[in-house]
Amino acid sequence: MGKVCIVLGCRNRDSHKEPGIKFHRIPKDEGRKELWIRAINRRDPVTGKVWISGDEGARVCSVHFIDGKCDDPKSPDYVPSVKMGYGSYGDNEVSASKSVDRYKRAVKRTADQKERECRLQLDFLMTPDGKENDHLPLQDLDCNVELEDKNGTGEFENYRTLFENAISENRILIDRLQQLHFENNVMKNKPPYIRATSLSLEKTEETTKFYTGLPSYSCFMWLVNFVTCIIPSSNILSSADILLLVLMKLRLNSPHTDISFRFGVSLSLVTNLIDSVIPQLAHKLKWLIHWPNKDDILRSRPDCFKEAFPRCVSVIDCTEVYIETPSNFAARSCTYSNYKHHNTIKFLVSIVPCGSISFVSRAFGGRTSDKIISLKSGYLDFINHGDVVLADRGFLIRDELASRGAELIIPSFVKGKDQLSAFEVERSRNIAHVRIHVEREMERLKNFRILSGKMSMNMVPHSDSIMTICSAIINMHPNIVQ
Numbered sequence: 001m002g003k004v005c006i007v008l009g010c011r012n013r014d015s016h017k018e019p020g021i022k023f024h025r026i027p028k029d030e031g032r033k034e035l036w037i038r039a040i041n042r043r044d045p046v047t048g049k050v051w052i053s054g055d056e057g058a059r060v061c062s063v064h065f066i067d068g069k070c071d072d073p074k075s076p077d078y079v080p081s082v083k084m085g086y087g088s089y090g091d092n093e094v095s096a097s098k099s100v101d102r103y104k105r106a107v108k109r110t111a112d113q114k115e116r117e118c119r120l121q122l123d124f125l126m127t128p129d130g131k132e133n134d135h136l137p138l139q140d141l142d143c144n145v146e147l148e149d150k151n152g153t154g155e156f157e158n159y160r161t162l163f164e165n166a167i168s169e170n171r172i173l174i175d176r177l178q179q180l181h182f183e184n185n186v187m188k189n190k191p192p193y194i195r196a197t198s199l200s201l202e203k204t205e206e207t208t209k210f211y212t213g214l215p216s217y218s219c220f221m222w223l224v225n226f227v228t229c230i231i232p233s234s235n236i237l238s239s240a241d242i243l244l245l246v247l248m249k250l251r252l253n254s255p256h257t258d259i260s261f262r263f264g265v266s267l268s269l270v271t272n273l274i275d276s277v278i279p280q281l282a283h284k285l286k287w288l289i290h291w292p293n294k295d296d297i298l299r300s301r302p303d304c305f306k307e308a309f310p311r312c313v314s315v316i317d318c319t320e321v322y323i324e325t326p327s328n329f330a331a332r333s334c335t336y337s338n339y340k341h342h343n344t345i346k347f348l349v350s351i352v353p354c355g356s357i358s359f360v361s362r363a364f365g366g367r368t369s370d371k372i373i374s375l376k377s378g379y380l381d382f383i384n385h386g387d388v389v390l391a392d393r394g395f396l397i398r399d400e401l402a403s404r405g406a407e408l409i410i411p412s413f414v415k416g417k418d419q420l421s422a423f424e425v426e427r428s429r430n431i432a433h434v435r436i437h438v439e440r441e442m443e444r445l446k447n448f449r450i451l452s453g454k455m456s457m458n459m460v461p462h463s464d465s466i467m468t469i470c471s472a473i474i475n476m477h478p479n480i481v482q
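With full-length UniProt numbering, letter number 190 in the sequence shown gets 190, and the count goes up by one each step, no holes.
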């Protein structure tokens, strides 16, 4: 239902009204509402009781007010009084006019009284020696009525000037006080830290590397644009801030509480963002970890590989990540590493001669041997006839590679020998010379503290995705082997 005036005999409604007419709701204040109901005076024809419409569109139009609705209880327009549908319209208008005159006279009396009070206050603006009184509380001077020289003699000319100056100074001080109150409230509500945002990465490239692991700020902005489609929307954080939040978790391995404090958001929001973004981000960046074809590998290999191992296509090693001790005894047994003497998860990482990561396995328990990981991770599916793989002594997969026509080169064993031959010494030295690049790449991975520190149990289910993201970011850096 539209807006309809409920006064008896009035036909104004929002769909049919004269220009300038406004509609007013029935007041919610019980006292004023009762006055309006009495003024409207609508009664049930059967019971004779006072009736008021309960429709949402029930209104009283501005036609029934003298000068428009007024909230001053002393004003005749505090209650509708014109053309109320009963009595003589002429009598109502005369009575309303008299009420307005009385109201205006009352307002004038109040203004005159206020003027007299202001004049009394002016007397205190001057000290007995004719100087301004600096100790007068200017905030007490509250007068909106200008002094008039009624006799035209200039009697109050000096008072007017002094009064206007005092009022101007008073307003300046009040404005300044309000500004100080506002600044004080802002400082009280402001968190005692600088909120982390993606804009803070613009300062230096080192800032970007430290907080995200990415090589530059431009690389970070490219990544933001690339993964925006998979980042959940938030009314508090932008897409860049959410990506920064996730990368800071991987890079610094900060507790969720610390991250929520840095970004000024709730702990639950941080947990939900990390749990939802990490798997999708890993899926989106998985293409950055790929196995090149053999011609590209051989064409991009550095000189140290061309001379010592010209057919090498992969250098492999395993890396272990500390985790919290599982409460489940079976999981605790599977993840305990005899080498690290701690519960760990283990990954197989393959690096091509130019230095980029070409393969990352899924996570295995820390007690799993390097050979088992090599066989079950799917790594051997990328090996072709004639390939050469460099590895450490623990990778006992020579027979499995030989069945594919490939060769495994590992450092020579001293066990059962008095000493190594000259050839074995030279070959072991060459292997160590090129395998150092794998260690350097592993060090890059370990710069992500979530991989070098102790991974909490709530992050272990995301370990595969975490390793994928970290390896993809490493591949965005320049090659470590030139």
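Rather than coming from a laboratory, the hints here were simulated on the basis of the structure. We put the CB at the ideal spot given by N, CA and C, even for glycine. Be aware that one or more of the hints could be misleading.
Dumping the calculated DSSO-like pairs for lysine-lysine here, alpha-carbon to alpha-carbon at most 30 Å [claimed, not checked]:
no. : residue 1 : residue 2
1   : K454      : K209
2   : K83       : K69
3   : K49       : K83
4   : K22       : K98
Per label pair, the in silico range of CB-to-CB distance [to be verified]:
no. : residue 1 : residue 2 : range
5   : R398      : S216      : 20 to 28 Å
6   : L173      : E206      : 24 to 32 Å
7   : N293      : E202      : 34 to 42 Å
8   : I230      : F210      : 23 to 31 Å
9   : P478      : T204      : 17 to 25 Å
10  : N272      : G20       : 25 to 33 Å
11  : E202      : P461      : 31 to 39 Å
12  : R449      : T228      : 44 to 52 Å
13  : N458      : L180      : 42 to 50 Å
14  : R299      : K446      : 28 to 36 Å
15  : F423      : N272      : 24 to 32 Å
16  : P292      : N272      : 36 to 44 Å
17  : L180      : T257      : 32 to 40 Å
Against the structure, the hints:
1. K454 to K209: 21 Å, holds
2. K83 to K69: At roughly 15 Å apart (the allowed maximum being 30 Å), K69 and K83 satisfy the hint.
3. K49 to K83: Roughly 21 Å separates the two Cα atoms, so the pair holds.
4. K22 to K98: Answer holds: K22 to K98 is near 24 Å, not above 30 Å.
5. R398 to S216: 20 to 28 Å: Check failed, 42 Å falls outside 20 to 28 Å.
6. L173 to E206: 24 to 32 Å: 48 Å, violated
7. N293 to E202: 34 to 42 Å: The hinted range 34 to 42 Å holds for N293 and E202, with Cβ atoms some 39 Å apart.
8. I230 to F210: 23 to 31 Å: 25 Å, holds
9. P478 to T204: 17 to 25 Å: 18 Å, holds
10. N272 to G20: 25 to 33 Å: The hinted range 25 to 33 Å is violated for N272 and G20, with Cβ atoms some 54 Å apart.
11. E202 to P461: 31 to 39 Å: 34 Å, holds
12. R449 to T228: 44 to 52 Å: Since the Cβ atoms of R449 and T228 sit about 26 Å apart, the hinted range of 44 to 52 Å is violated.
13. N458 to L180: 42 to 50 Å: This hint holds: roughly 46 Å between Cβ atoms.
14. R299 to K446: 28 to 36 Å: 30 Å, holds
15. F423 to N272: 24 to 32 Å: 59 Å, violated
16. P292 to N272: 36 to 44 Å: For P292 and N272 the Cβ distance comes to about 37 Å; the hint holds.
17. L180 to T257: 32 to 40 Å: 35 Å Cβ-Cβ, so the 32 to 40 Å window holds.
Hint compliance for this structure: hints 5, 6, 10, 12, 15 are not met, and every other hint is.
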